[in-house]
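Asks: Order-wise, the sequence lines are chains S and G. Count the first sequence with our numbering and you get residues 1 to 293, in order. Count the second sequence with our numbering and you get residues 294 to 660, in order.
Keep in mind that the hints were calculated from the coordinates and are not lab data. The structure displayed is predicted, hence computed values, not measured ones. Treat the hints with caution; some may be incorrect.
Claimed, not checked - Below, in silico cross-link-like pairs of lysine to any residue (SDA-like), each with a Cα-Cα straight-line distance of 25 Å or less: (1) S:16 with G:472; (2) S:143 with G:419; (3) G:564 with G:544.
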Amino acid sequence: MRQIGALFALLRRSPKASLGVGILIVMVVLAALHGPIGTLMGLGGIGAGHSRFARHAIPSGSGSWLGFIGIGARLEFASILNALWNSLRIGFEAGVISTVVGVVIGFYSAYRGGYIDSILSTTTDLFLVIPAFPLLASFAAYKNGSTINVIAVVLAVFGWAVAARPIRSHVLSLRTRTYVDLARTTKEGAAEIIFTELVPNMLPYIAMGMSQAIMVAILAVIGLDVFGLGPVGQTDLGSLVLGGLLGGSLTLGDWQPVFVPMATVVLLFLSLGLITLGLEERFNPRLQTMVGR
Amino acid sequence: MTRPAIESSEEAADVGLIEEVPLTVGGGGLRAWFSQHGTISYLIRRLVLYLFTMWAAFSATFFFFRLIPGNPIAHYIANLPVTTTAGKKLLSHYDHAFDLDGNAFQQYVAYMYQLVVKHDMGPSLIAYPTPSLVLVAHSILWTIGLLGTSALIAWILGIILGAFAGWRRNSPVSRVLTYCALATSNLPFFFVAIVLLFIFAFDLNWLPLTYAYGPGMQLELSLPFILSLLNHALIPGGALVLVSMFTNFLTMRQQMITVLGEDYMTFASAKGLRPWHVLRRYGMPNCYLPQITGLVINLGFVFSGNIILEQIFIYPGVGHLLGEALRAQDYNTLMAITDVIIFMVLSAVFLIDMALPLLDPRIRHNR
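Isolated chain S (complex conformation):
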């Protein structure tokens, strides 16, 4: 509880992080409500049409302010929310799994030291070297239709090392601090020291790593969509962008179907980026004067 309180205090002191969290919460809530919003709108006439294509082919008044996917099909606000929800699901699932695995391995490796540390850190370096994307894409191609959960797990398999590396080096510096020595002399176990002494000190750092992992995961799935290998039967933001591109929206001068989902991704990344930046500034005193001073 104390840690959550501290996290709130941190947010209050960092306007950037709180702005990021605010945007993120609004997006998550809207995305979670994609079902009810779709029904409420009756999946129809959201606004007056101002797409060039609409003026030519479809009688006035039946347009959509989000433009058209291909010929005749409209891009709806609710379908963007649905796609956002799916993207968020992949991002959070992969982000949480890879961060948890990375944190456990990073902590254990640095705390134990010795040969366990060298085996684990060599493995970590190995996973950092192997390019995740070609392997992920190959897996998706062979699997011939992966669900969101499967993709999230595969992403985490390749993503945990990104979190493990910096956490290990932070723990290496933390574990020689006096309060850890004190805990050790009072005969606290390794697990107890890790969870009561070290983890609380690393929380902002872990949150930072997680928001980065979420971005990487969302980006990787967008990459899969480019190759037509995204989650089967589920639309995410990447497949909306690709749908707009391949449906010829740009050729028809209709920018919304491509640019609106893209702007949604950008907004999402901006909020995650603000959180990362805000936390980093609080965490690293040298950077506190970084922007605009």
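Model the placement of chain G on the given structure of chain S, informed by the hints.
Replies: Quick look at chain G alone, frame taken from chain S:
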């Protein structure tokens, strides 16, 4: 205050890691020799680590592909337009050609033998019997041409702008640049590329849509061809430059701000040197090193982003090849692509590590 502690422990960890490499063959004489020849012993250790990591990464890739169920030959035959039932003899011939004989371990030994001795990664499926490595070698030239050039431009621009923004932190130009960088540096390359495409190719009609050169052109060293090449590279290259420039910009700016607080900077200004001279001779050289290592560390990430960009622009590089190989489930080519990326990234890191003492006299490899 916390920063130096973290850095030194990170360094300590790296030394520990290098020392764990199973190179020390025992003998006290050998150990003594190594301690006397610091640089050479570091070189050897680093080389062994490089080769070991490469072997481990190649093996991991190999078993990853073998763990995926399904036989590419069977898939290929099943997807032929004509329904055929292939004879046993035919199947076993191709199984042999693609190194699919025996169990996974036998396949692994055959693959590694072939790779180390013949520098071959098996035939490709999309252009059988062209070796997959040849396909990758052809396409990687395009990728290196596009990616290398734009990464270099982005790196130089990022350093110059970043140094300026760190140096003149209060000027409105720096602020605008910083906020642009914060918004841009996290974006996928191809988002920026699509925006550029829409503006310059669709709306203004100034630049071509896709591919690397104009239709009906031959690969040759002539002025029109080179012009067409540059013209086609402007949008994808521009997107790469824009995004990675701002990424470099942010790290360079941070570096610069840290360096500005150092005592030698105050001393240089106190000597009455002109600000421009202080920036160029005292500030910037101390920022180069992290920028160079950053460039190399980001290489793999940039490579992946570039793959997606090439697929969208039908640029004939590795990304496009990856797309074709994925469609045909050509896993020799897929493995070749992955292994070549691993090789390039590891070699770049290795070379930079070797070159660091030349770039920074404070670093010496005799521990």
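Asks: Hint by hint, say whether it matches the structure.
Replies: Structure-based check of all given hints:
| no. | hint | result |
| --- | --- | --- |
| 1 | S:16 with G:472 | holds (12 Å) |
| 2 | S:143 with G:419 | holds (19 Å) |
| 3 | G:564 with G:544 | violated (29 Å) |
Checked against the numbered hints listed earlier, the structure breaks hint 3 alone; every other hint is satisfied.
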